[in-house]
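Q: Work out the full structure: start from the sequences and follow the hints.
Residue numbers (UniProt numbering), protein chains in the order written: chain A, 1 to 366; chain B, 1 to 366; chain C, 1 to 366; chain D, 1 to 366.
Treat the hints with care, as some may be off.
Pairs of lysine-lysine residues, derived as BS3-like cross-links and limited to a Cα-Cα distance of at most 27 Å, are as follows [to be verified]:
hint, chain 1, residue 1, chain 2, residue 2
1, B, Lys75, D, Lys314
2, D, Lys54, D, Lys324
3, D, Lys66, B, Lys49
4, D, Lys187, D, Lys201
5, D, Lys324, B, Lys314
6, A, Lys75, C, Lys75
7, D, Lys49, B, Lys66
8, D, Lys66, D, Lys47
9, C, Lys187, A, Lys66
10, D, Lys66, B, Lys66
11, A, Lys310, A, Lys201
12, C, Lys47, C, Lys66
13, C, Lys49, C, Lys187
14, A, Lys49, C, Lys66
15, A, Lys314, C, Lys49
16, C, Lys54, C, Lys75
17, D, Lys49, D, Lys314
It is worth saying that the hints were derived from the structure and are not from the lab.
Protein chains: 4
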Amino acid sequence: MSINTFGHLFRVTTWGESHGPGLGATVDGCPPGIAVDAEMIQHWLDKRKPGQNKYTTQRREPDAVKIMSGVFEGKTTGTSIQLLIENTDQRSKDYGDIAEKFRPGHADITYWQKYGIRDYRGGGRSSARETAARVAAGGVARAALDALVPGIQITGYMVQMGARAIDRANFDWDQIEQNPFWTPDAKTADLWADDLDALRKDGNSVGAIIEVVARGVPAGLGAPVYGKLDTDLAAAMMSINAVKGVEIGDGMAAAMLTGVDNADEITMGPNGPEYSSNHAGGILGGISTGQDVVVRFAVKPTSSILTPRKTITKSGEAAEIITKGRHDPCVGIRAVPVGEAMMACVLLDQLMLHRGQVGDAGGTIG
Amino acid sequence: MSINTFGHLFRVTTWGESHGPGLGATVDGCPPGIAVDAEMIQHWLDKRKPGQNKYTTQRREPDAVKIMSGVFEGKTTGTSIQLLIENTDQRSKDYGDIAEKFRPGHADITYWQKYGIRDYRGGGRSSARETAARVAAGGVARAALDALVPGIQITGYMVQMGARAIDRANFDWDQIEQNPFWTPDAKTADLWADDLDALRKDGNSVGAIIEVVARGVPAGLGAPVYGKLDTDLAAAMMSINAVKGVEIGDGMAAAMLTGVDNADEITMGPNGPEYSSNHAGGILGGISTGQDVVVRFAVKPTSSILTPRKTITKSGEAAEIITKGRHDPCVGIRAVPVGEAMMACVLLDQLMLHRGQVGDAGGTIG
Amino acid sequence: MSINTFGHLFRVTTWGESHGPGLGATVDGCPPGIAVDAEMIQHWLDKRKPGQNKYTTQRREPDAVKIMSGVFEGKTTGTSIQLLIENTDQRSKDYGDIAEKFRPGHADITYWQKYGIRDYRGGGRSSARETAARVAAGGVARAALDALVPGIQITGYMVQMGARAIDRANFDWDQIEQNPFWTPDAKTADLWADDLDALRKDGNSVGAIIEVVARGVPAGLGAPVYGKLDTDLAAAMMSINAVKGVEIGDGMAAAMLTGVDNADEITMGPNGPEYSSNHAGGILGGISTGQDVVVRFAVKPTSSILTPRKTITKSGEAAEIITKGRHDPCVGIRAVPVGEAMMACVLLDQLMLHRGQVGDAGGTIG
Amino acid sequence: MSINTFGHLFRVTTWGESHGPGLGATVDGCPPGIAVDAEMIQHWLDKRKPGQNKYTTQRREPDAVKIMSGVFEGKTTGTSIQLLIENTDQRSKDYGDIAEKFRPGHADITYWQKYGIRDYRGGGRSSARETAARVAAGGVARAALDALVPGIQITGYMVQMGARAIDRANFDWDQIEQNPFWTPDAKTADLWADDLDALRKDGNSVGAIIEVVARGVPAGLGAPVYGKLDTDLAAAMMSINAVKGVEIGDGMAAAMLTGVDNADEITMGPNGPEYSSNHAGGILGGISTGQDVVVRFAVKPTSSILTPRKTITKSGEAAEIITKGRHDPCVGIRAVPVGEAMMACVLLDQLMLHRGQVGDAGGTIG
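A: Here it is in structure tokens:
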């Protein structure tokens, strides 16, 4: 991870601001011969697209992706792939308030302090709009993973919003696509709908927790000790706007366990080792076990709210700020496809690292 | 972060196994002219050293560091610094059981599956002994930080062990050095002592949460969007053995907040902006605000325990395993100086990145 | 240098194919607050642009650059800068011959062998058209260098074409912009014009040597031992299409010198050390001395020629090939601004590395 | 390439000074399961070892390598390998003259200007002694290449010393190991012996050109456009001390060729494409063709000579300097195994990159 690039071998460099001419991702190192087209990528972008329901920002961006390079006759060539998304809804408006005042909880103040200049229109580079480029890149990563690891499945969903968590007893994979919160618990989805209506009326916002699971990941992925699979996932998820915590498997709750409880006991199954439980989240010593890889991350509430908060101006004067405009009351919802994209990029990258260093030298059991 | 190296400009590459001839760190990119000697580094290594009290492994390693390069007449030269720690306690013993069976919750099985070969003596490269090299490198980073950012302070401490968390009302910085748990809450320390005694008798182990705080960090450090300060911290902490979760500021609990509550309101103080609270953990948009930088990470319980657990052998046969030997019942204790070291390395690295890209172009307020 | 990215801190990632929708460069890590606009970059692109005189390809591309991100109100923001050049002259034509046969001396065959797929239209990614993106990125680097190192000057020129070298006695900096060969020797320029006319009539092409000089480079740039200034320059120049050799200072001829002759003797001048000569090309131990930094590189003749050459087809059958189309008889001419761009990028990058690691800790003399 | 590390996936970080306690290489990313022991590495170190004949420095260092990590029961484990060479001949002597005066043509002055501190004992980090660490790392790379690319052969030899080049008509591979110059031309070896005797009597030194050839390299290695095989080789060779020029295939002479002459015509042989010539040095578009990979580099004369040269002191005063001590009159001789080591590291690294990105997706012909 290096400023605007992430990945070791499958490297994604993103660019673009919220209200500039466009944004995109330069995807370098993709394996050649992978079937990729704009439609496949668009599918994932549409999942993240604003304005789809009343719980996401009403900014209307088609977020249409163009493949500018690296794909020839429908297949990746092994050269750098440019994914371009032009901004169309650069509504001309008065940004004066945000230009002078800093929103509490927002990167306004730190970008200014760091760079001495910032594009205040819609947050510029610090806008979550940057994540559209990640989702586009993730579309390429998914295509490559599908080709190289048949049967792999990456699925994200919301498990908590504000104080209300899902009931795992209601968990139903098929529900995830059926509600605006991408949650497997239909009952909680209804309650969240009410919660969000109330928050919106209050000019308030709320945080959320997203879980992303990858099924069908082969054992052996992860490059100890500083390119561990969980290390890369932690970096990938923490780099998403507004994320404040990342967990693998039991996560922070692992602190409460004893060694006896935490041991995922091993037995031999027909296709290799099987585990009695998955406290580890599918990763031991930074390397995948073959179990489901399970990551969670917490997204803080949107800092752009309609309730006035105390702040200062660039010249240091005390002020109050209300952020009008089209902001998501719960940015966590749209973080679901972003988390999936990051998972896909990390897994592909680690698969390539593994092929490069280890090839087929890995050990078998039984 | 790339396999055995971490850092962008201040780059640390570690090497060595638990029971090989030694281990160490190659520290590259350190600023020149920094006063560094073995004694300074030894101070931090001693904090991590095993065998200091009954709550840590009784393996007795002096962990004496030698500076092999990069320091001349007491100052860093700007060239690569080799820090060498020879292993002295390579007790000859029978590792046969671990060589053939996989410990549940341990990297035994994944190292085998990944590489097709593993040094099973004491866990080889997957042993937490690797963290001694991190602590040594952190000693260099601290020296450089002290020179470049006068007044900076990095302090780690335990805040939870098993189900028992500290009482923040008892928080006393001066207590941290006074108990074997590096905790600011003396009362909880006493309770933890009892807890650990009981666990040890049971042949069990337990997890913990460590918090690391950096005070005196200047505003402006962090390289959006994939080299954010929190991204680098998340990767750094997650790369430590047995860590399953990382939090910045409010961490996972940020999901439960509303935007109104989460806003750290800003006022103008005599030395610049001041904040009403620090939900953000001193980082906004991946850039330091000048507040305390606050990170927490969860360490799972030691997987090497005396209670028998079900597992399999390399040939796939069902087995039970008990891990004898000198293992920490709570590895979290010794993770405290490791977390501090990682914080020091990340902050120095980000400071150098900032100097390199931005120099003194940052913005002022007021 | 890593596949499609070069640079340590000032990182340029290029993308795009000869006959795709466009090409460009993602410029990451640029210092903030640098005045940059499309016109400044266009100036350098125009120098490289095809079709300007009869000695360069008649393909007509305006090579108009758009700044898509990273610049706000005329200044760099410190975030990633996307430079986009759309392809306009994608003449629809029959590439069948090149699609099936491999041009001797061209990357056709190796791209196929490596990737199993290649964009044969105009050479795809292996086309020298990629260098337009480098020149655009170099425009940004020059702007930053001008701001950070006032008075720095980077100038490239041709010193040899085929068997005919310039006469250094005729060297005149002012001549460089006055002839189509960017050469400081006007007399040789006339002879080269005749040489090229004859070659063109023969359906042949020819190689060339380019020299790039940077004046006003401060002492101290270069990161020993694997990021040396000359190492980075060698990589940068060798990465340009068709380059087969790189020299610093006396270059290959240094092998013929004795130590007595090679010693650039040092005296003390009013502004610091002065040197009796510059065999070293301004670099000692990989670090700039403050003298002119002098690099030369050899460009082989264009492999796309009208004279038939023996080759094979993808199915392994013997064939002859003639490459029709609009090809430069001496690609070396248009390599001049490319060499300048690479020099600018490397110098800025090393300046940033130096600021990051060393700051103002460098030593003075006298 | 990044300061003290080179390589993308097979990464070598070197450390150590000429007269410190030792030096070494941390070799990261090596494939697992490769048979490696100290003896194999020692074989190559002995080739570079000083004091072997009257044409190399009489400094006597056994240069005995110890493997400190990463190898278990004779095989690489896939973890970082530490190769340690302790310095034994740290003759206590008076370095006062070099400490205060700068040797013309040496890195003394630039290290001082860059870092403000330098280890002047024997050149410190700028000493060619650093190349011992490269040769050790190269030994590991050779072992891995031998395992992964059976039949590959890497051979270096001297082709020019001062004004005298070898006669290619006398080229005999078997002669290379038979003379102190590692040259395939026995007759020229005799003449060089006389040349060097004369130079030594004069207190002078001389430059040389080394050629390194890799036979049996598979087609397809090289990562366009900034990780090209020739780009990496250029960087690798230019990073060696005292190197001033690098050539691939025809090198600088490619400038003198026409396109007709330069075309290596292709025919179909029993095992794939065959070429009528090898002007390209086995690399097209940055990717190996399967022909011999041919690199040459020029080493300037040793700057430490017995003939007085004009210089200045740190305080800026005019002075003369004579460098006594045990210096090679032609450092080029001992650069032969260094060039071989760099070739081995680059080829292995590119092989791993290729496996990682492309796997077995490459194209076939016929």
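Q: Next step is simple, just say for each hint if it's right about the structure.
A: Each hint, compared with the structure:
1. At most 27 Å may separate the alpha-carbon atoms for a hinted pair to count; B:Lys75 and D:Lys314 meet this at roughly 19 Å.
2. Of the supplied pair hints, the one linking D:Lys54 and D:Lys324 holds, its CA atoms being roughly 16 Å apart against a limit of 27 Å.
3. A C-alpha spacing of about 26 Å is found between D:Lys66 and B:Lys49, which places the hinted pair at or below 27 Å, so the restraint holds.
4. A hinted pair counts as satisfied when its Cα atoms are at most 27 Å apart, and D:Lys187 with D:Lys201 qualifies at roughly 22 Å.
5. Distance restraint check for D:Lys324 and B:Lys314: the Cα-Cα separation of roughly 62 Å exceeds the 27 Å cut-off, and the hinted pair is therefore not satisfied.
6. Taking the CA atoms of A:Lys75 and C:Lys75, the gap is about 38 Å. The hint is violated against a cut of 27 Å.
7. Taking the CA atoms of D:Lys49 and B:Lys66, the gap is near 26 Å; set against the 27 Å cutoff, the hint holds.
8. A hinted pair counts as satisfied when its Cα atoms are at most 27 Å apart, and D:Lys66 with D:Lys47 qualifies at roughly 17 Å.
9. The suggested pairing of C:Lys187 with A:Lys66 is violated, with an alpha-carbon distance near 50 Å, which exceeds 27 Å.
10. For the hint linking D:Lys66 to B:Lys66, the alpha-carbon distance of about 16 Å falls within 27 Å, and the restraint holds.
11. A C-alpha spacing of about 21 Å is found between A:Lys310 and A:Lys201, which places the hinted pair at or below 27 Å, so the restraint holds.
12. Between the alpha carbons of C:Lys47 and C:Lys66 the distance comes to roughly 17 Å, so the proposed pair stays at or under 27 Å and holds.
13. Straight-line distance between C-alpha atoms of C:Lys49 and C:Lys187 comes to about 25 Å, which keeps the hinted pair within the 27 Å bound.
14. For the hint pairing A:Lys49 with C:Lys66, the CA-to-CA distance comes to about 26 Å; that is within 27 Å, so the pair holds.
15. At most 27 Å may separate the alpha-carbon atoms for a hinted pair to count; A:Lys314 and C:Lys49 exceed this at roughly 44 Å.
16. With a C-alpha separation of about 37 Å, the suggested pairing of C:Lys54 with C:Lys75 is violated against the 27 Å cut-off.
17. Distance check on the hinted pair: D:Lys49 and D:Lys314 sit about 33 Å apart at the alpha-carbon level, beyond 27 Å; violated.
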